[in-house]
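Participant: Read off the chains here:
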Amino acid sequence: MQLGRKKVSRLDFSTPIITLVLFMIGMLTIYSATYAPETASWLSPVDRRQLAWFFIGLAGMGISFAIDYHMYQKIAYVAYGTAIILLVLVLIIGKTSMGAQRWLTIAGFTFQPSELTKLAVVLGLSRFFAERRTSPPYNLKELLIPFCMVGLPFILVLKQPDLGTALLIVLISLVIIFYAGITRRAIMTLVFAGIAAATCGWQFLHDYQRQRILIFLNPDIDPQGAGYHIAQSKIAVGSGGLWGKGFLKGTQNLLHFLPEQHTDFIFSVFAEQWGFLGAALLISLYLLFLLRGLVISQEAKDPYGSYLAIGITATFFWQFCINIGMVLGLMPVVGIPLPLMSYGGTSLLTSMILVGMLLNIHFRKQYF
Amino acid sequence: MSVIDLKAKQEQIAKNGKIVLLVLALAGCILLIRLWYLQIIKGEHYNQLSQNNRIRVRRVRALRGIIYDRNKNIVADNHPGFNLSIIPENIADIKAVAAELGKHLATLNEDRIIKEFNAIPSYLRYRPLKIKNNLTRDELALLEAHKIDLPGILIEVEPIRHYPYGEACAHLIGYQGFINEQELGQPSYASYYADDLVGRSGIEAQYEELLRGTDGARQVEVNAIGRELNSRIIMPTEAGNNIILTIDIDLQQYLHELMQDSPGSAVAIDPHSGDILAMVSSPSFSNNLFATRISQTDWEAISNNPLRPLQNRAIQGQYPPGSTFKPIIAAAALEDNIVTPKTRFFCGGSFQLGSSTFRCWNKYGHGEVNVSRSLKESCDVYYYQIGNQLPIDRIAHYCSLFGLGKKSGISLPQEKAGFIPTSSWKLEHFHDQWYRGETLSVAIGQGYILTTPLQMAAAYVPFANSGTYYQPRLVAEISNPQTQGKHSTDQESYRLPIAQNHFELIREALWKVVNEKHGTAYNQRITAAGLEMAGKTGTAQVVAQTLEEVEEGGEVPWQYRDHAWFVAFAPYRNPKIVISVLVEHGGHGGSTAAPIAQQAIIHYLQHSDL
Chain A
0 MQLGRKKVSR LDFSTPIITL VLFMIGMLTI YSATYAPETA SWLSPVDRRQ LAWFFIGLAG
60 MGISFAIDYH MYQKIAYVAY GTAIILLVLV LIIGKTSMGA QRWLTIAGFT FQPSELTKLA
120 VVLGLSRFFA ERRTSPPYNL KELLIPFCMV GLPFILVLKQ PDLGTALLIV LISLVIIFYA
180 GITRRAIMTL VFAGIAAATC GWQFLHDYQR QRILIFLNPD IDPQGAGYHI AQSKIAVGSG
240 GLWGKGFLKG TQNLLHFLPE QHTDFIFSVF AEQWGFLGAA LLISLYLLFL LRGLVISQEA
300 KDPYGSYLAI GITATFFWQF CINIGMVLGL MPVVGIPLPL MSYGGTSLLT SMILVGMLLN
360 IHFRKQYF
Chain B
0 MSVIDLKAKQ EQIAKNGKIV LLVLALAGCI LLIRLWYLQI IKGEHYNQLS QNNRIRVRRV
60 RALRGIIYDR NKNIVADNHP GFNLSIIPEN IADIKAVAAE LGKHLATLNE DRIIKEFNAI
120 PSYLRYRPLK IKNNLTRDEL ALLEAHKIDL PGILIEVEPI RHYPYGEACA HLIGYQGFIN
180 EQELGQPSYA SYYADDLVGR SGIEAQYEEL LRGTDGARQV EVNAIGRELN SRIIMPTEAG
240 NNIILTIDID LQQYLHELMQ DSPGSAVAID PHSGDILAMV SSPSFSNNLF ATRISQTDWE
300 AISNNPLRPL QNRAIQGQYP PGSTFKPIIA AAALEDNIVT PKTRFFCGGS FQLGSSTFRC
360 WNKYGHGEVN VSRSLKESCD VYYYQIGNQL PIDRIAHYCS LFGLGKKSGI SLPQEKAGFI
420 PTSSWKLEHF HDQWYRGETL SVAIGQGYIL TTPLQMAAAY VPFANSGTYY QPRLVAEISN
480 PQTQGKHSTD QESYRLPIAQ NHFELIREAL WKVVNEKHGT AYNQRITAAG LEMAGKTGTA
540 QVVAQTLEEV EEGGEVPWQY RDHAWFVAFA PYRNPKIVIS VLVEHGGHGG STAAPIAQQA
600 IIHYLQHSDL
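Sequence lines, in order, name chains A and B.
Just so it is clear: in the first sequence, position 62 is 61 by numbering that gives the first Met the number 0, and no numbers are missing.
Just so it is clear: in the second sequence, position 353 is 352 by numbering that gives the first Met the number 0, and no numbers are missing.
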């Protein structure tokens with residue numbers, strides 16, 4: 000693709016730079032989390048794998064940037080349908096691990112269709128609202144179809160069971176629906192329905208899921224499991240103080256008191272080493288990134304671009320909020336990685352593809 | 000899309016953008032305030048904690064509930080065992096450690112340890128991995144002596160299940176086995192860990208949930224290389240519930256010895272409560288072998304034994320009841336007025352129905368036979384006569400009253416129901432009507448009918464106590480050691496709708512079986528005063544033999560020989576025990592099964608202080 004000067008001026012530079020910085024911070028933190036002075040080879044296998052995934056992510060980001068996002072609008076319903084079929088397949092032939100059926104193996108590759116579902120729902124909802132022929136705000140009756148579009152994958156993912164991802168799908172969808180416009184009356188009804196559903200839902204939860212929520216409310220009842228994670232994570236973060244203990248000097252981490260330190264609890268490793276100053280800066284960086292997403296959505300050329308951009312931003316927002324909230328003991332322990340920073344190939348690749356889409360929408364905008 | 004719609008949408012987007020911005024700012028503020036609270040306000044507190052953070056939490060296994068017999072003798076409890084574990088995070092070179100351990104422990108599987116070690120996910124590396132259960136004294140001493148060369152190993156004391164009476168009640172108490180991968184994934188096993196044991200059979204399996212208890216936690220202070228400095232309990236364990244069984248372990252052991260050479264089963268019941276006094280299945284196995292990881296050789300010896308020692312024949316073995324079924328048919332015929340106490344049938348050695356000949360075991364015939372004599376001498380022709388008039392569905396009805404053809408509901412897993420045929424069953428399964436000739440076979444306890452030794456013992460309880468059926472009961476009481484709370488188990492009992500004088504008549508006939516000349520168990524009578532027993536012999540055909548084959552004589556191969564039954568109660572005047580004995584391929588009930596019942600009864604009545 001030949002970029003003229005005019006086109007270059009349309010490129011958003013701050014978003015890729017923030018993305019890169021967040022990845023590098025993540026990389027350094029993973030390095031320190033897996034750093035073992037006794038086996039001092041300079042990059043651990045974990046570090047190397049994460050680096051490799053970064054380059055795959057770059058390619059993914061390039062592709063999702065290069066394809067005109069209106070293509071995404073065209074294939075939105077196909078993608079949505081595919082995701083639903085895959086979810087059904089998971090329930091029928093999926094691989095069971097730790098009591099949950101979440102994985103599908105196709106041609107030797109094992110993957111988790113619920114990851115794909117998040118994106119498929121964002122694409123589908125955006126297309127629905129972009130092509131809706133009446134003006135917002137919408138009342139409940141007009142929102143019946145989008146609610147079904149969210150409800151179906153929600154139930155399928157919940158059945159796996161994967162409560163965390165199921166709720167994430169709902170949270171992301173609610174942002175898009177709200178953003179597209181919803182009457183005040185519909186909001187009130189939804190709030191009441193939500194409370195009622197949560198009350199009923201408690202009865203349908205698996206024992207271990209209830210247990211998690213109870214443990215969150217009182218970590219002392221499970222000093223070895225989730226309660227242990229929360230307690231150790233708070234010690235790690237809190238002991239960082241204002242200035243932090245310094246790079247590679249986090250004792251909590253060094254003594255391996257913190258399990259899952261380089262995946263879901265990576266923020267606590269960072270906060271221990273860099274203190275309040277570092278952690279606040281990191282949070283600000285994420286907020287800046289999310290703000291850019293919001294601006295891109297506001298400036299998009301058409302409603303489809305706006306909805307898609309806010310859906311992507313919402314995906315990052317909730318994962319960021321839930322992950323940091325969990326590490327800081329504000330939320331129950333659910334397995335949701337910190338986007339762009341946590342160790343894990345799928346998570347990094349998905350995040351970078353989403354960033355590519357954001358840039359795509361920004362690049363093809365025309366000012367109103 | 001019209002221009003107006005587009006404009007409305009864009010206006011909506013611009014408007015909602017401001018609200019989203021607000022939410023974003025709010026979320027950011029909450030996280031930053033929380034961060035400030037943890038790192039600045041509580042920073043010093045957490046710093047202190049982190050400096051002292053040499054703390055690990057380790058699980059403390061709860062004591063499994065103790066199982067007692069009716070006299071509070073322990074039949075299953077826990078002994079301390081020493082386990083060897085490694086702490087993965089403190090091990091730099093697993094191959095070296097495995098090799099070093101292999102030097103001291105002869106039976107250690109080094110490859111398996113390395114494999115298990117490598118399979119541990121990184122976040123679980125702080126949790127000890129058990130590599131050997133139940134170390135011997137010598138192994139323990141060796142390991143303690145070489146501990147300095149073995150960083151990252153941990154020797155823990157953990158309770159190991161112990162069964163003082165082993166083989167004598169292995170089927171009843173059951174055993175434990177290691178939980179498998181598939182079970183670990185199920186929500187009902189959520190509180191289990193990979194190296195946990197679960198009840199696999201008997202009481203251990205049936206009451207797994209109650210016996211298990213709740214594990215506790217211990218906080219351990221460790222130094223930099225993972226050695227424990229000191230520890231304290233942060234969550235106490237809760238021991239599992241204790242269970243008091245109805246069995247009398249002395250009788251159980253005695254019966255087990257009597258049965259040792261004969262595959263089969265014996266069940267003894269208290270006729271005034273339905274409490275099971277003993278339940279023996281032979282051959283048996285040692286459940287202590289399962290308390291730690293069972294060796295391959297031991298397992299193969301048990302599982303490849305053609306006599307299938309793991310099967311609990313008392314509740315899983317299904318056999319035709321043979322002549323021990325006759326008292327039930329007699330009761331049914333009397334109650335349905337097919338015969339009266341005075342009715343006589345002539346036995347000339349066989350009974351003709353259409354073109355078929357049904358033979359009596361006594362080919363010379365018994366002559367004129369009434370109901371009392373029919374039981375005493377076990378005349379088949381008398382019962383063919385009844386079978387000729389009593390419909391199969393009436394028989395099934397009476398069987399059900401005596402607890403046959405359905406599970407007794409005893410608290411043991413995998414009980415079999417036995418089988419009582421009905422006309423509708425035959426129509427459904429063979430698309431054919433029920434023939435009267437088939438009822439004749441059933442009337443002497445042959446044909447399709449199948450019962451378990453437990454069912455036969457329970458079915459004789461109403462004969463012993465003159466009319467009340469008790470659902471057999473194995474567990475008398477369950478008590479919680481924490482709350483001191485106790486509860487006894489429920490049990491069904493009812494009076495049979497059969498006239499008292501009919502029961503008395505049959506009781507008397509059963510006395511004659513043992514105590515009058517020509518009775519089929521006369522040789523086994525008990526002469527001791529006040530201990531007289533009553534009972535009924537039975538022979539269950541394994542393969543149908545023609546009279547000619549029987550007369551040819553010669554040695555019948557063991558596996559084709561008939562099963563021998565004897566069901567008895569004693570003392571006759573005021574029965575305290577009902578016992579059913581089945582010896583597989585034992586031939587005639589009178590000669591192989593009855594002596595076992597007789598000796599067990601004498602032993603029980605003389606030894607237990609009643």
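Hints in this document: simulated from the structure, not taken from any laboratory.
A portion of the hints provided could be inaccurate.
Straight-line C-alpha distance at most 30 angstroms; calculated DSBU-like pairs for lysine-lysine [what the hints assert, rightly or not]:
1. LYS140(A) x LYS158(A)
2. LYS405(B) x LYS575(B)
3. LYS300(A) x LYS102(B)
4. LYS140(A) x LYS233(A)
5. LYS41(B) x LYS102(B)
6. LYS364(A) x LYS14(B)
7. LYS73(A) x LYS341(B)
8. LYS140(A) x LYS6(B)
9. LYS248(A) x LYS41(B)
10. LYS364(A) x LYS575(B)
11. LYS41(B) x LYS300(A)
12. LYS415(B) x LYS405(B)
13. LYS300(A) x LYS94(B)
14. LYS94(B) x LYS146(B)
15. LYS233(A) x LYS248(A)
16. LYS41(B) x LYS364(A)
17. LYS233(A) x LYS41(B)
18. LYS17(B) x LYS140(A)
19. LYS14(B) x LYS73(A)
20. LYS14(B) x LYS140(A)
21. LYS364(A) x LYS73(A)
Participant: Take the hints in turn and mark each one as holding or not.
Facilitator: Verification of the supplied hints:
no., hint, verdict
1, LYS140(A) x LYS158(A), "holds (27 angstroms)"
2, LYS405(B) x LYS575(B), "holds (25 angstroms)"
3, LYS300(A) x LYS102(B), "violated (74 angstroms)"
4, LYS140(A) x LYS233(A), "violated (45 angstroms)"
5, LYS41(B) x LYS102(B), "violated (51 angstroms)"
6, LYS364(A) x LYS14(B), "holds (19 angstroms)"
7, LYS73(A) x LYS341(B), "violated (96 angstroms)"
8, LYS140(A) x LYS6(B), "holds (22 angstroms)"
9, LYS248(A) x LYS41(B), "holds (20 angstroms)"
10, LYS364(A) x LYS575(B), "violated (96 angstroms)"
11, LYS41(B) x LYS300(A), "violated (48 angstroms)"
12, LYS415(B) x LYS405(B), "holds (8 angstroms)"
13, LYS300(A) x LYS94(B), "violated (62 angstroms)"
14, LYS94(B) x LYS146(B), "holds (17 angstroms)"
15, LYS233(A) x LYS248(A), "holds (17 angstroms)"
16, LYS41(B) x LYS364(A), "violated (47 angstroms)"
17, LYS233(A) x LYS41(B), "holds (10 angstroms)"
18, LYS17(B) x LYS140(A), "holds (26 angstroms)"
19, LYS14(B) x LYS73(A), "holds (27 angstroms)"
20, LYS14(B) x LYS140(A), "holds (22 angstroms)"
21, LYS364(A) x LYS73(A), "holds (18 angstroms)"
Going down the numbered hints, you'll see the structure goes against 3, 4, 5, 7, 10, 11, 13, 16, while the others check out.
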